[in-house]
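Single-letter residue listing:
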Amino acid sequence: MDDFDNDYDNAPATQAADGQGDAESDDEQQDWRILASMGPNRKSLPKRGEKEYEPTGSRSDRDNLDDSRQAMYTALNGERRHTSKVHICGVWYPHLRKAKVLVARGPHFKSIGKADSNGAIWLLPEEVIYLVERGSMSLYNPRGDTNISLQCCYAACLTACHGHERYLVYAHLKRLGFIVQRAPTFDDSGEEDVETKPKISWARELWNFLVRKFIRCWTGLRYVFARKIPPFGPIVCGDIWRSYDSIYRTLQIIPFYSHKTGSPPVTQRSTTTPYRVAYNVWKPRPSFKKSSPGEPDFRVVVVNAQKDKMPTLAQADALFSTIPTAHGSGSTLQQRLNGYKNVIVGVVDYGIISFVTFGDVSFGDEHIYEKRAANSTMSKHRKMK
Amino acid sequence: MVDDAISISVIDGEYFVFDIDAVKRLRNDHHIAGILVGTLPQVPQQSVFLGLPVQLMPEEAALLVQQGVARIIDESQSHEPILAIDPNDIDDATAGLKINEIESAGSESQGPLASYTTPAITTVDKLVLPDSSVNAIFETPRFHMYRYLHQNGYFISPGLRFGSHFLAYPGDPLRYHSHYLVRGVGYDEEFSLLDLVGSGRLGTGVKKAWMIGAHLPPDQQDKTTALRLPGAKVGEGRESSDEFVSFCVEWAGFG
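These protein sequence lines are chains P and F, in that order.
For what it's worth, this note's numbering labels the leading residue of the first sequence as 407, then goes sequentially.
For what it's worth, this note's numbering labels the leading residue of the second sequence as 182, then goes sequentially.
Next up, chain F with everything else stripped away, as it sits in the complex (with noise of 0.2 Å):
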């Protein structure tokens, strides 16, 4: 475990960042925007520019994890300390004391001028989950496609405005549009016609292309060298798990 690892938070099941840095390093450094889920302070009321945290894809915390990159922190047990009491031991008189005094010192003037803070993030011991916890992502077709799209480059939002898995996008979803609608799938699973048709008149509609892949099983791998694409090159470090075949679907519009 590297000791800058990136902390993650697992909250209810989803994956959390609250730390600005940690939102820095994860777009600079690994092309993971992660989708902005708070209210922005200083402009609280309109859902155009949001805030902090930033939450993750499970496939993003997944691969930042198998990368070494992250690790994933159980925040609710983290916290417990400071959260937990005995419901009989509760004093709200001498608790409302501690807190006046906490409040007339954290603020820099007093009476009507005085302002109140929050802090982003708590610094306590914290529960780092094994690394095992996001074991059951890597075998969906959702991470074998999510991480073929990132060692291509591409940042990754989820698809739900076009009705697909993923959208991909060439550089940082602030200056660029997607490219691809981006549907994972098993390597034998087969879908409707009906699927291809409509998503990929739809994705030609907005200017965007229609993707497919699926991660090709061992005994598959020998027989399809025809299909190797650039993200599948074999003998560069990768293991040959890593293949992957993808395909892209316009609208033709012919007559």
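Isolated chain P, as found in the complex (with noise of 0.2 Å):
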């Protein structure tokens, strides 16, 4: 997940000189007068300038200051302006809670926007606002009397959606280039489906319940039979033992997740939890098509760091139970981690987003004494040669 945090943990050579860089990493704030110098025709990216400790009052802190301030508010009077070439044109149907598109030229349809039987193509809320804030498209009212400005696209589009901080981490993904596309679950309804399908009659549930209770005593009971493990006393003893594995093996007798067996049933299923996939995305790549996507590289839910809290056992599984299993667990720390299925969890504070990965661990199932045992081995064999 690199690629998400680049800009908030990667401090410019720069900074890190004057030995604040390690510091401030985290700041935000930059120099807009670089942005100002490098006019049209940049190739890199903009990075961040140096800031001092704090005011001194001099005139040359209060030159740089009102240079900087200068420097952004010129940023941030530019045009929204685009050329008819990449000419986007739309209308916004409040009741549709989505936008008909008249005019769609440009590369941005690759990605965005769905067609409907008719041919037209229909853009979501978010698709809009993005399109709208970066200049690439000019809205309309249903009556086709006005464009639409930037704040109204905000007052029409915004609650539809679902919350600020979902658009946030969409266009905070969109801007770094990945494709972004809703969810299944992005809305309640998208959660009635994955709910329905399972859907069992009770007299199945309680046969369920039962076996599920059978075996979980029997596996215990032959758990015990099995490795003799006696009613008192040490564990491991009056045996031979050949190998510290089979001892390591005789005592993990503590129960323990594993994403093998699967998670104990969820009982509680609140549809109202931020803790649900909003976006899938995919890494931007040229084949890509709307119509076929495929497996999506990252997963991606939107938390309020203000309203939501940390996700209840039964929301973790809920949310867990969505998501495939990812193809082969590593031996790295790194894999081990990210477990065996993972999402990424986008938390917002009025406007500043952290990315987290969630994975999906059973430590009880990677057993670490063989892999040191058959480390030690190869590493005799190494040595014989």
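These aren't lab readings, by the way, just hints derived from the structure by calculation.
Treat the hints with care, as some may be off.
[What the hints assert, rightly or not] Cross-link-like lysine-lysine pairs, in silico, BS3-like; alpha carbons within 30 Å at most: (1) P/K520 <-> P/K715; (2) P/K713 <-> F/K307; (3) P/K695 <-> P/K491; (4) P/K715 <-> F/K388; (5) P/K747 <-> P/K520; (6) P/K506 <-> P/K696; (7) P/K506 <-> P/K520; (8) P/K516 <-> F/K279; (9) F/K279 <-> P/K520; (10) P/K491 <-> F/K279; (11) P/K516 <-> P/K715; (12) P/K713 <-> P/K747; (13) F/K307 <-> P/K506; (14) P/K506 <-> F/K388.
Could you use the hints to bring the two separately framed chains together as a complex?
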């Protein structure tokens, strides 16, 4: 997930040199004079400038601040303008919470918009705000008599985006070049679909419950009998032990969560949880097709830092039940931490985003001792050679 | 209500400023920077430099209203006349013709050289919400903390990056590093010592200090003269309910 964090973690080399860089790598404010000095033919991405510890009240201090502010205000005052070569023109229909595209030029539609059976392209509210905000689209009201301003566009579309924090994450990922689409679990109705699929009758449920109980008792008993664990005294005793592996295996008597057997059934599933996959995200690729996007590279959940809490076990289970198991589990620590399933959670605090990864990790399945044993035999072999 | 009050748009419960002049006034005159949350149209494929709108924290909006500097606009209601339409009245053909007219009139040149712009703000009759719409914010520990720092001249931004309520900057964040990771609490609120150690260490690790502060309840204000701090001076025209105590924690690294 390095791509997501670059913006926050990579301190420019110039900053590191003055000794403040490492401390301030997360500070998001930047020197806008750099942006102004780059001109229109920039090749590289803008970098942040240097900052001071505190105002000294000197003239140069004030001048620097005035220059920085002026550069910023000039940039903010820039027009949202596009040429007819890449013209996009749409009409917002409040009752449908979508915009219909009248003119669709330019490259955006490779990954944005959805065509209906009549061939008309429709845009979701977050796609509309994104395109209007970056100056790529002219938006009109349904009567067609007003060119909608950015302010009006927010007023019209933001509620339909299911929260400003979701839009912020969407736009952030789009700016970085990712392909972003709403996941089936984006809103409540999507969750219902997921829920109704495995719907079973109460008789079946009772049967399943009994079977599960039986299996649990049986495995528990079998475990005890098979391992010959005495009811008291040391666990490892009364046998000939030829390897540490078998000793460790015998010691593993505490039941643990395993992704293979799955989690205990979730009894409560709140439909209002923010912990649902909001967006599927793909790395940019020329072969991307909206109609058959394939498995997403990342799944992103969006939560509000002020309003939302850490997920409960039930919420986390419900979330992970909507995510397929990733292919292969690696042996490195990083791969182990990523788990068999993982999801990226974008935490938003009044306009600032932090991304964290939640992984479904079953540590009990990771027999570290086996790997260590394998490694040591390998090294022995090597020595023998 | 002052005529030249700054308009803060509330949309879907969040506070925004879309007008560049208002952004300038907030930053230059009221040391409120807010957070730029929009894509910058000139350089759209990056997130280092962002554009309008500016998002404000509820505490910022509430403080500006309390000071009589700003008013809150219900932007969705204000734009209702532009957007509203009966679904049965939708006539795509007529609307399309009107749009064509606007587009050809709006662009200076025709054909392939034509260009199209989107304005930042709309001039419509604004639906101003009563000042009481922000009343609920005034009683929170966060707001007291925010106001205390703001009175003392700090620039304040959301604290998510360091897991606190706010970051406090001694000057404009454009030029200066932040000094404090700030958390506002209730006066009698208990908090874990682990928070103290964790936040204190984190703050020191990033060359800042952790600040914790609370608003004094009226019955405590006489007893705590020893704790009175510069921001809580009495007898300067401020009400005594402005009294506030705050502490800074640094990791001593002692042994």
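Each hint tested on the structure:
no., hint, result
1, P/K520 <-> P/K715, "violated (34 Å)"
2, P/K713 <-> F/K307, "holds (29 Å)"
3, P/K695 <-> P/K491, "holds (23 Å)"
4, P/K715 <-> F/K388, "holds (29 Å)"
5, P/K747 <-> P/K520, "holds (29 Å)"
6, P/K506 <-> P/K696, "holds (17 Å)"
7, P/K506 <-> P/K520, "holds (10 Å)"
8, P/K516 <-> F/K279, "holds (28 Å)"
9, F/K279 <-> P/K520, "holds (25 Å)"
10, P/K491 <-> F/K279, "holds (21 Å)"
11, P/K516 <-> P/K715, "violated (36 Å)"
12, P/K713 <-> P/K747, "holds (26 Å)"
13, F/K307 <-> P/K506, "holds (27 Å)"
14, P/K506 <-> F/K388, "violated (51 Å)"
Hint compliance for this structure: hints 1, 11, 14 are broken, all remaining hints hold.
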